[in-house]
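Engineer: Following the hints, position chains B and C with the ligands against chain A.
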Amino acid sequence: MSNAKSVAFVATKMIPPSPPPSGSVGPIHWAREHLFPTPLNALLTLVSIAFVLWLTPEIIRWAFIDAVWKAGSLAECREIARAAGVEGSFACWAVINERFNQFMFGFYPSELYWRPILAFALLLVALAPVLFAHLPRKMLIFSAVYPFLAYWLIWGDSLWAPLSAMAGFAVAYAAFRALSGGVVQLGLAAAAAAAGLAAVLWWLFAASSAAEAMQAVLPLSIEHVESAKLGGFLLALILGVSGIAMSLPLGILLALGRKSDLPVLKGICVAFIEFIRGVPLITLLFVASTLLNYFLPPGTSFDLILRVVIMVTLFAAAYMAEVIRGGLAALPQGQYEAAAALGLDYWKSMRLVILPQALKISIPGIVNTFIGLFKDTTLVSVIGLLDPVGIIAPMRADSNWNGIVWEFYGFVALFFFIFCFGMSRYSMYLEGKLKTDHR
Amino acid sequence: MKHSLILGAVAAIGLAAGAASANTLEDVKAKGHLQCGVATGVPGFAFTDADGEWQGFDVAVCRAVAAAIFGDPKAVKFTPTTGKTRFTALASGEVDMLARNTTWTFSRDTDLGFDFVGVNYYDGQGFMVRKDLGVTSAKELDGATVCIQTGTTTELNLADFFRTNGMSYEPVPIETNAEARQKYLAGACDVYTTDASGLAATRSTFEDPKAHVILPEIISKEPLGPLVRHGDNEWGDLVRWTLNALIIAEEKGITAANVEEMAKGTNDPEVNRLLGAEGEYGKMIGLGKDWAVNAIKAGGNYGEIFARYIGEETPVGLARGLNAQWTQGGLLYAPPFR
Amino acid sequence: MTNTAIDTSNMVVSDEVAVEIVNMNKWYGEFHVLRDINLTVNRGERIVICGPSGSGKSTLIRCINRLEEHQKGKIVVDGIELTSDLKNIDKIRSEVGMVFQHFNLFPHLTILENCTLAPIWVRKTPRREAEEIAMHFLEKVKIPDQAHKYPGQLSGGQQQRVAIARALCMKPRIMLFDEPTSALDPEMIKEVLDTMIELAQEGMTMLCVTHEMGFARQVANRVIFMDQGQIVEQNEPEEFFLNPQSERTKLFLSQILGH
Ligand SMILES: Nc1ncnc2c1ncn2[C@@H]1O[C@H](COP(=O)(O)OP(=O)(O)OP(=O)(O)O)[C@@H](O)[C@H]1O
Ligand SMILES: N[C@@H](CCC(=O)N[C@@H](CS)C(=O)NCC(=O)O)C(=O)O
Ligand SMILES: [Mg+2]
Numbered sequence: 001m002s003n004a005k006s007v008a009f010v011a012t013k014m015i016p017p018s019p020p021p022s023g024s025v026g027p028i029h030w031a032r033e034h035l036f037p038t039p040l041n042a043l044l045t046l047v048s049i050a051f052v053l054w055l056t057p058e059i060i061r062w063a064f065i066d067a068v069w070k071a072g073s074l075a076e077c078r079e080i081a082r083a084a085g086v087e088g089s090f091a092c093w094a095v096i097n098e099r100f101n102q103f104m105f106g107f108y109p110s111e112l113y114w115r116p117i118l119a120f121a122l123l124l125v126a127l128a129p130v131l132f133a134h135l136p137r138k139m140l141i142f143s144a145v146y147p148f149l150a151y152w153l154i155w156g157d158s159l160w161a162p163l164s165a166m167a168g169f170a171v172a173y174a175a176f177r178a179l180s181g182g183v184v185q186l187g188l189a190a191a192a193a194a195a196g197l198a199a200v201l202w203w204l205f206a207a208s209s210a211a212e213a214m215q216a217v218l219p220l221s222i223e224h225v226e227s228a229k230l231g232g233f234l235l236a237l238i239l240g241v242s243g244i245a246m247s248l249p250l251g252i253l254l255a256l257g258r259k260s261d262l263p264v265l266k267g268i269c270v271a272f273i274e275f276i277r278g279v280p281l282i283t284l285l286f287v288a289s290t291l292l293n294y295f296l297p298p299g300t301s302f303d304l305i306l307r308v309v310i311m312v313t314l315f316a317a318a319y320m321a322e323v324i325r326g327g328l329a330a331l332p333q334g335q336y337e338a339a340a341a342l343g344l345d346y347w348k349s350m351r352l353v354i355l356p357q358a359l360k361i362s363i364p365g366i367v368n369t370f371i372g373l374f375k376d377t378t379l380v381s382v383i384g385l386l387d388p389v390g391i392i393a394p395m396r397a398d399s400n401w402n403g404i405v406w407e408f409y410g411f412v413a414l415f416f417f418i419f420c421f422g423m424s425r426y427s428m429y430l431e432g433k434l435k436t437d438h439r
Numbered sequence: 001m002k003h004s005l006i007l008g009a010v011a012a013i014g015l016a017a018g019a020a021s022a023n024t025l026e027d028v029k030a031k032g033h034l035q036c037g038v039a040t041g042v043p044g045f046a047f048t049d050a051d052g053e054w055q056g057f058d059v060a061v062c063r064a065v066a067a068a069i070f071g072d073p074k075a076v077k078f079t080p081t082t083g084k085t086r087f088t089a090l091a092s093g094e095v096d097m098l099a100r101n102t103t104w105t106f107s108r109d110t111d112l113g114f115d116f117v118g119v120n121y122y123d124g125q126g127f128m129v130r131k132d133l134g135v136t137s138a139k140e141l142d143g144a145t146v147c148i149q150t151g152t153t154t155e156l157n158l159a160d161f162f163r164t165n166g167m168s169y170e171p172v173p174i175e176t177n178a179e180a181r182q183k184y185l186a187g188a189c190d191v192y193t194t195d196a197s198g199l200a201a202t203r204s205t206f207e208d209p210k211a212h213v214i215l216p217e218i219i220s221k222e223p224l225g226p227l228v229r230h231g232d233n234e235w236g237d238l239v240r241w242t243l244n245a246l247i248i249a250e251e252k253g254i255t256a257a258n259v260e261e262m263a264k265g266t267n268d269p270e271v272n273r274l275l276g277a278e279g280e281y282g283k284m285i286g287l288g289k290d291w292a293v294n295a296i297k298a299g300g301n302y303g304e305i306f307a308r309y310i311g312e313e314t315p316v317g318l319a320r321g322l323n324a325q326w327t328q329g330g331l332l333y334a335p336p337f338r
Numbered sequence: 001m002t003n004t005a006i007d008t009s010n011m012v013v014s015d016e017v018a019v020e021i022v023n024m025n026k027w028y029g030e031f032h033v034l035r036d037i038n039l040t041v042n043r044g045e046r047i048v049i050c051g052p053s054g055s056g057k058s059t060l061i062r063c064i065n066r067l068e069e070h071q072k073g074k075i076v077v078d079g080i081e082l083t084s085d086l087k088n089i090d091k092i093r094s095e096v097g098m099v100f101q102h103f104n105l106f107p108h109l110t111i112l113e114n115c116t117l118a119p120i121w122v123r124k125t126p127r128r129e130a131e132e133i134a135m136h137f138l139e140k141v142k143i144p145d146q147a148h149k150y151p152g153q154l155s156g157g158q159q160q161r162v163a164i165a166r167a168l169c170m171k172p173r174i175m176l177f178d179e180p181t182s183a184l185d186p187e188m189i190k191e192v193l194d195t196m197i198e199l200a201q202e203g204m205t206m207l208c209v210t211h212e213m214g215f216a217r218q219v220a221n222r223v224i225f226m227d228q229g230q231i232v233e234q235n236e237p238e239e240f241f242l243n244p245q246s247e248r249t250k251l252f253l254s255q256i257l258g259h
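Residue numbers (the numbering used here), protein chains in the order written: chain A, 1 to 439; chain B, 1 to 338; chain C, 1 to 259.
Among the hints, a few may not be true.
Stated by the list, open to error - Here are the simulated DSSO-like cross-link-like pairs (lysine-lysine), alpha carbons at most 30 angstroms apart as the crow flies:
1. A:K375 - B:K77
2. A:K433 - C:K149
3. A:K229 - B:K77
4. A:K435 - C:K140
5. A:K348 - C:K74
6. C:K124 - A:K360
7. C:K124 - A:K138
8. C:K140 - A:K348
9. C:K91 - A:K348
10. C:K140 - A:K266
11. A:K433 - C:K142
12. A:K229 - B:K31
13. C:K124 - C:K87
14. A:K360 - C:K149
15. A:K70 - B:K297
16. C:K250 - A:K348
17. A:K229 - B:K29
18. C:K149 - A:K348
19. A:K229 - B:K297
20. A:K259 - C:K72
21. B:K183 - A:K375
22. A:K348 - C:K87
23. C:K124 - A:K435
24. B:K264 - B:K297
25. B:K84 - B:K31
26. A:K266 - C:K142
27. A:K138 - C:K149
28. A:K375 - B:K84
29. A:K70 - B:K183
30. C:K142 - A:K435
31. A:K348 - A:K435
32. C:K87 - A:K266
33. B:K264 - B:K289
34. A:K259 - C:K124
35. A:K259 - C:K91
36. A:K229 - B:K84
37. A:K229 - B:K139
Since the hints were derived computationally from the structure, they do not count as laboratory data.
Next comes chain A alone, as it looks inside the complex (with noise of 0.2 angstroms):
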């Protein structure tokens, strides 16, 4: 207060808004700004437009420009090559020109191919209202159908059997329905349990007499294709997308189950996903692949693919249930008194509160899990399984094509890059249009 008079001031008129002095905007500034802000970055700015004009050319000229597109064997490529005067290494596509559909679908009945290209398209109208909200809610309906018309296209034979396995949600439902009937909370949980205990019989015991009966009276069949003749990217999306599927319910149980007061349930939990977590993967699939046959009756025949989806799935939940446990951690405690205080139970702020935020803090690190399943696949040629990867070693033992590498990976390595790349970019699109917090 004591200099009040000489810091005393009032403005006499509005400055109006002017532009900025060039320099400070424009592409220079933005070069400047960007790219040659010290003389270090400078540096590594140059060192790297250099690296990226040297490489670029070569890469080009390789897959493109002396490639060879069409020939019946490698010496044959090298033919052409050499008559078109190539000098040093070129690719030959002509491999996978000629290998393409064993790449896509491994030893598939080339006659039926239309069954998994039709499976592959219904998976996109499945997928699509789970990905984009806007669309009718109505969709759903075909999405969770979609996994036994999936089943049944791919392995054909009767469609009774996918019918009769759907069979068992509904006799779970139905059971739910007769026991619960009030809305009993405890009760809830006991009519939930036996309802998937009736689920869980009929699956073992009723569900393939009741599809051999309906068979019986009106067969609905189409071609049986065995497990063995799958390989390629089908069996890759077979494997990632199954995975995907299950291991993300699974994880949020598993989440759920590792909060949960209930010591023994928490335990259970806690066991599994360190148990799984402390084990490679390589590891389960092994175990799935040999020494099951040791724990199994003998003569039990077990689709070597659905162990290894289990195995898979398993593995890939351990780590979702982490993840998700982390969005769970992050969310104040807050939201889940103002759920309960509302008058909400368990379930219902789980899923109307909770796990919505959750799951949304959880993108990244849910999508980047589904990254390394949709990859860890690729294991799967280690126990004799043909997957993009694994089949590669007996088309390049044929002595037409021995000699060929860098095409046959090159090639899987841009199906799983658009694929993984496909995902990372979805689950930003998500990210920005579930972001609701600071606008």
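Structural biologist: Quick look at chains B and C with the ligands alone, frame taken from chain A:
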């Protein structure tokens, strides 16, 4: 260390499995197909063709066995196995037999709980070097870097060879044949050593095969043959005699083309016994009269199979050498069929 | 704060008991946080609870809708005793509204969805109807035009008013407030208090933890002072402020009214 751990596990599993499946033939008949373990891909020995069918010198043995049992060379499914997974796959019952360049050794036959039923390729370990190194003998390899597949017999032979000759080497461990090929061509090692058949097959795929030489020394015996689980002798007999049938067929001049004709009866009683024109020999191994006819029809006799997949006319280009019939100075000597 | 005269015509206290707490004790581990609490709240009563930090105010009102579990004694809300029976707990929670210091709105839902969530999923109100009710209460707290925004886009005062509306949408018979204004800037405090006063005028049974003594004077018909986990003094507001009995109350009042 890692190696012996795996072997230990395999041995334990082998013991457990002995009791599990006592009658493989019945299991196979019930399944309706043979499950055969093959290599993931060795040129000439096991590979897939443009139609996605498994082919190769080893694969042909599987097809012959399938044909002997079912009369159909296609009644077989293949499980690709690597050098590390092959024994577990067989021990666990995942496959019924293994036909992939596997050396018959004492410990594999006894300790691991398998039975080798014979030899379909007499191999030996060799060395390949670039011609411009000017090396003419393996004895001149002192101090060389050597590409070597881990978990194989070749790894052990190599060590023995260099030690007995008082030389030193630097190993470059690798997993598969394909990896070895890349490393060798890139100059990561001076020498690639593996079964001589493998060396020839690999060299055949080089841009300039003439720039490389396979040294004259063969430093080991590598009898490669099909194997089955220990403990089911009937099954072992069946596979053994299917292989023998193919070898006898070559010796007796029975081919895929003339086998039907010869099955009607010939002047040679051994041929008649083999092809079912005389006696009930199929029954003794639980099969029909025409089992050998079917096995031979599947891919021809031993010589035909050899010529088709790995013979001198093929890119692999192997000479019969030790794998000629005993009558031709080779080692192929099937016991008499009677 | 708000010194305008308020309409008290609806603010009648009935004989009906809304909340009854008898000899209630609670421990956090070894720590005895609530000691022999006895409190009866009649329908239509407006109770303000104050006391130094850590005295157990929040814990007390959180016990009433069992966000915290008590270990001894008895709590009866709306004629239902709180036990570990989950069914009763959910029932009581749907009858008792709660407003938190930090609002605790659901950030992934719009204002309207925040308000319709519980009516739709707990009360099974049809969506249409739930939205009408929500708009009614949003109008009441004077932010109907923000209905389609997300909580993150609102000021603190607006968020707290939404939180009140959200609680009201369940048509609760009792409202609990845990320092609803202490996270707010002064200008926002007023808008929230005005909303609470309006609520009081309509005869809502309220238990309020707050240090807004102006509010206490105007609307409370009882002020409770807590210290070290026990109720030290309770009285009508005039008496409480003008004539505190206990030394600790005097000290506390001198501190919060002192400046
Ligand atoms: N979950 C808990 N575990 C252990 N101690 C707790 C827990 N919650 C609160 N306390 C302790 O219980 C006492 C009472 O806490 P409470 O939150 O009821 O105080 P308060 O009167 O609301 O204080 P404030 O005015 O600061 O909000 C405090 O000493 C606090 O440290
Ligand atoms: N015969 C030896 C070595 C066999 C071996 O390593 N063979 C190579 C090919 S020459 C092989 O099987 N490679 C399989 C693969 O690369 O997948 C053994 O049985 O241990
Ligand atoms: Mg508090």
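Engineer: Give a verdict on every hint.
Structural biologist: Cross-check of the supplied hints:
| no. | hint | in the structure |
| --- | --- | --- |
| 1 | A:K375 - B:K77 | holds, 27 angstroms |
| 2 | A:K433 - C:K149 | holds, 15 angstroms |
| 3 | A:K229 - B:K77 | holds, 9 angstroms |
| 4 | A:K435 - C:K140 | holds, 29 angstroms |
| 5 | A:K348 - C:K74 | holds, 28 angstroms |
| 6 | C:K124 - A:K360 | holds, 27 angstroms |
| 7 | C:K124 - A:K138 | holds, 21 angstroms |
| 8 | C:K140 - A:K348 | holds, 28 angstroms |
| 9 | C:K91 - A:K348 | holds, 14 angstroms |
| 10 | C:K140 - A:K266 | violated, 45 angstroms |
| 11 | A:K433 - C:K142 | holds, 29 angstroms |
| 12 | A:K229 - B:K31 | holds, 16 angstroms |
| 13 | C:K124 - C:K87 | holds, 16 angstroms |
| 14 | A:K360 - C:K149 | holds, 19 angstroms |
| 15 | A:K70 - B:K297 | violated, 35 angstroms |
| 16 | C:K250 - A:K348 | violated, 46 angstroms |
| 17 | A:K229 - B:K29 | holds, 20 angstroms |
| 18 | C:K149 - A:K348 | holds, 23 angstroms |
| 19 | A:K229 - B:K297 | holds, 25 angstroms |
| 20 | A:K259 - C:K72 | holds, 27 angstroms |
| 21 | B:K183 - A:K375 | holds, 25 angstroms |
| 22 | A:K348 - C:K87 | holds, 14 angstroms |
| 23 | C:K124 - A:K435 | holds, 29 angstroms |
| 24 | B:K264 - B:K297 | holds, 14 angstroms |
| 25 | B:K84 - B:K31 | holds, 27 angstroms |
| 26 | A:K266 - C:K142 | violated, 46 angstroms |
| 27 | A:K138 - C:K149 | holds, 27 angstroms |
| 28 | A:K375 - B:K84 | holds, 22 angstroms |
| 29 | A:K70 - B:K183 | holds, 28 angstroms |
| 30 | C:K142 - A:K435 | holds, 26 angstroms |
| 31 | A:K348 - A:K435 | holds, 22 angstroms |
| 32 | C:K87 - A:K266 | holds, 23 angstroms |
| 33 | B:K264 - B:K289 | holds, 12 angstroms |
| 34 | A:K259 - C:K124 | holds, 29 angstroms |
| 35 | A:K259 - C:K91 | holds, 24 angstroms |
| 36 | A:K229 - B:K84 | holds, 23 angstroms |
| 37 | A:K229 - B:K139 | violated, 48 angstroms |
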